[in-house]
Amino acid sequence: MGNRYIIERRGGFAGLKASGAIDGDALNPDDRETLEQLLDTEEPLAADPGADRYTYVVTRKTALGSTTREIPESVMPAAVAGVVTPQI
Amino acid sequence: MTHGVTQFTAGLNYSDEPGALNESVSDVFGAVFHQWRRKQTAAQADWLVGPGVLGPVALQKGYTCLRDLAQPGSPHCLSPQPSHYRDYIPQGDPHANSGIPNHAFYLAATTVGGQAWEKTGKVWYAALTSDKARPSTDFGEFAALTRAAAKSLFPRDTNVYRGVDEAWTRVGIPDPDIAV
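Residue numbers (the numbering used here), protein chains in the order written: chain A, 1 to 88; chain B, 1 to 180.
Just chain A, with the same shape it has in the complex (with noise of 0.2 Å):
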């Protein structure tokens, strides 16, 4: 089993849920590097500052369990970012 993504966006503008999925086998390889590379690492990503920005909720499913880990929009990669639609 390979990874899969699960991707919850919060805030924005109008503060409007967006979700989608995507497996790691379906990302560019330089952007699932960096993703995971967003998950993994030990230093905090902190929140981009003001008001009305996005967060990115994203899950990391493996067979041998999940991460999840919060992704400030400025360094999300824009691919990843663009798997999620609104909730409408």
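Among the hints, erroneous ones may be present.
[What the hints assert, rightly or not] Pair ranges (Cβ atoms, derived):
| id | chain 1 | residue 1 | chain 2 | residue 2 | range |
| --- | --- | --- | --- | --- | --- |
| 1 | A | P86 | B | M1 | 15 to 25 Å |
| 2 | A | I6 | B | V53 | 25 to 35 Å |
| 3 | A | E73 | B | G11 | 18 to 28 Å |
| 4 | B | G73 | A | N28 | 38 to 48 Å |
| 5 | A | A63 | B | G11 | 42 to 52 Å |
| 6 | B | P80 | A | L64 | 37 to 47 Å |
| 7 | B | G11 | A | P44 | 43 to 53 Å |
| 8 | B | P90 | A | Q37 | 35 to 45 Å |
| 9 | A | E36 | B | K151 | 51 to 61 Å |
| 10 | B | T129 | A | E36 | 12 to 22 Å |
[Claimed, not checked] From the structure, some residues in chain B lie toward chain A, with a derived Cβ separation under 10 Å:
| id | residue |
| --- | --- |
| 11 | T6 |
| 12 | T9 |
| 13 | V53 |
| 14 | K61 |
| 15 | Y63 |
| 16 | T64 |
| 17 | P90 |
| 18 | D93 |
| 19 | P94 |
| 20 | A96 |
[Claimed, not checked] With the Cβ distance kept under 8 Å, some of the chain A side facing chain B (calculated, not the full set):
| id | residue |
| --- | --- |
| 21 | I6 |
| 22 | G11 |
| 23 | A14 |
| 24 | G15 |
| 25 | L16 |
| 26 | R32 |
| 27 | A51 |
If you are wondering where the hints come from, they were derived from the structure by calculation, not from laboratory data. Remember, it's a predicted structure, so these values are computed and weren't measured experimentally. Glycine included, each C-beta is placed from N, C-alpha and C at the ideal position.
With the hints as your guide, set chain B onto chain A.
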């Protein structure tokens, strides 16, 4: 735009209750500005946030606004919110919990009456720009600042203080100095 005012006055942190207040004052002054442009009284206003920014999908589904200060939990808006402190969402998005202070302003403005920018708006602005407002100011502390501002700005018009005080009490934030 009010986020900029908040940044250089109270500097409310963008998380938890301060974050909800940060969002709320933006909604409040946005609503008041729209009322000012249309020369509406608080009773005439629709108290909706964002009716003009909805996309075609939202409009097709019958949504009419992002948020509603009069009825924060109403399903006609894209983002139903709590309107009472008992329903506060721990670690919730600031846009969610802002419904509580939003509703307090609506209740205060409609109880005080007239045009919201004349009195209630001034009370809220005085609280936001008070030297006692802090980045960590929470709902109770902000409510106290508005109660104090109502008394100091309108000492002879006790309806203003009464409207502000009752509004906060109705959303679940009573004056702690008043014995129950």
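Subject >> Violated hints - listed by number, lowest first >> reply: 7, 8, 10, 12, 16, 17, 21, 26
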